[in-house]
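Novice: Could you slot chain V onto chain S? The hints should help.
Quick mapping for you: the protein sequence lines, in order, are chains S and V.
Going by this note's numbering, the first sequence opens with residue 1, and the numbers climb by one from there.
Going by this note's numbering, the second sequence opens with residue 293, and the numbers climb by one from there.
It is worth saying that the hints were derived from the structure and are not from the lab.
A quick note: this is a predicted structure, and the numbers were derived from the prediction, not measured.
Backbone N, C-alpha and C define an ideal beta-carbon position, used for all residues, glycine too.
Treat each hint with caution, since some may be false.
Just so you have them, the derived chain S footprint on chain V, three or more residues with Cβ under 8 Å [stated by the list, open to error]:
id, region
1, 345–352
2, 384–393
3, 406–417
4, 583–595
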Amino acid sequence: MSVAAVADVATQAGGRVRLAWGRLRSNRVTLAGAVIVALVMVVAILAPVIAPYPALVGNPAAVLQPPSLAHPFGTDQTGFDIFSRVLYAARLDLTIAVGAVAIAFSAGALFGALAGYVGRLPDELIMRVMDMLSAFPDFVLAMGVVAALGPSLINLIFAIALVNLPIYARLLRSRVLSVRELQYVTAARAIGNPRWRILLVHILPNSIAPLFVQSTLQAGYAILTAAGLSFIGLGIKVPDAEWGVMINMGIRYIVSGQWWITFFPGAAIAITIMGFNLIGDGLQDLLDPRRR
Amino acid sequence: MPDLLRIEGLKTYFEGPGGPVRVLDGLDLAVAQGQILGLVGESGSGKSVTALSVMRLIRPPGRIVGGRILFDGTDLLQLSEVGMRAFRGRRMGMIFQDPRGYLNPVMRVGMVMAEVFRTHAGVGRREAKERSLEMLRRVGLPAPERVLRAYPHELSGGMAQRVMIALALAGEPRLLIADEPTTALDVTVQAQIIRLLADLRRDLDLTVILITHNLSVVAEVCDEVAVMYAGQVVELAPAYQVFERSRHPYTVSLLRARPSAVRSRDLAAIPGHIPNLRRPPLGCRFQPRCFMAGPRCAAEVPALRHLEADHLSRCHYAEEVGERSGVA
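Chain S with its partners taken away, still in its complex shape (with noise of 0.2 Å):
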């Protein structure tokens, strides 16, 4: 390769990456998305570092006193620094999500793939399974899920992305089926390529985006999932860090007014969630082809 060729090569990527990051910061709610999700994984990592005390043991001689220099949200009724078991809830939570997200996204693409690639009654079979799936109300299926199996951080994890997996199906269902007429699929045939060379390297490169929007969403739905599944004392265990279970061990002290029990850890599940979803609302702008 001449260096003039290099050269325009590393323009070129180069130019990609700034062209991405053109659109994403012209696209403010983007980037305040990803700016609020950044900080959440930062503080799941770095939890340990940053939290003040651990998140499993109580002070019994610091119970219930509000948010103060020394306990910024506040403990609870065991001692525990709320601010601490927050930034460490970060960890099981985001786990959960990305967890449940990648199940569903994996097995779901699969489904969809098989069902709209191959057609006839592996459709019929899949697709109907999904309907089965989605037929139920999500929150009451997972819940079902978890009371059969146990509740455990896997089994919750394997709940959640069965509820959401219908959803990745369906759409990669509908996308494969469009994509698969288009043209340039015929051509591929047309030179000889084998089916699964087609299908994989042809049809899915081109039907795969809408699921990666569906997932930011996803997963801000997961975290929801999650929490209220814990919160009924299915799923993540008390005294864990979590948030849903940190919000059922403060429900009792709410009319009592020690309301930063609840209080932090249900911000910290709403800001989280408002961050996927304004990754997805942005995510779903760059990719409509109206916007281009």
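Specialist: Showing chain V alone in chain S's frame:
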């Protein structure tokens, strides 16, 4: 020369609510090794469906319901999908009307080309790149390195069509089916692409089926011409004979409908439309629009018959077409 491709009684139907649409209904066609066959006809006469049928790329609701497609003696319609794959790309390639639409938008040209070489020739990454460059040069693309790195939207229409040709020829096929390869291009580029096809035919001993509705293109490069009407071939003859001594009234009408730069005259549009292929007219399919139609035409289906050894026509009055049309 023996026939490389021979189509006998091909029927391709498209299922619809009102019964099947008989887009191809008993199509007969033959191309000899090394020839360029022009396939002409109005829009809707079944030219593209013929091409897709030969490649077995018809998608539901379309279905090939009968006939034989003999490629060098092998009936393609008897092959399994996997068996067919050995033919696509390796023995027959196809190029299309809108070249950019037929290139995967998220893949660089180099990736698509490497894919073809690695599939067909089973070569490694480096070798595939070498061959891609060679092939791109072969189809007359300057700066092939640059083209390899380009995405389809960065190519002009003419460049994209050259890339398509390179892709189609990468597996060294013997037959190239070109479905209106120049219709979407500028006039100057059209001429270049047609000349390229003619050169490639000569250099690579290709057999070409050139689908077009541009009769000047046919006159320029084709050895043989097949005129299609309503899913059937109505005339098949050496190109000069089709132009000089048409033996089917539809061909005569097509030639009259062609604009001429020399004589200024009104274009003679063919009255009426392509018939409803769900219920084609009784007798001859062209008879409702034909200037020569007689009582026999509505009653009796004309066969595609030999007038001379190399001239076939599907008209009861083929012998009289010359005098009655006033053409020659």
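Novice: Decide, hint by hint, whether the structure agrees.
Specialist: Right, here's what the structure says about each hint:
1. 345–352: It holds, with 3 qualifying residues against the three required.
2. 384–393: holds (count 5)
3. 406–417: The restraint on the region 406–417 of chain V holds, since 4 of its residues have a Cβ under 8 Å from chain S and three suffice.
4. 583–595: It is violated, with 0 qualifying residues against the three required.
The earlier numbered hint that this structure contradicts is number 4, and it is the only one.
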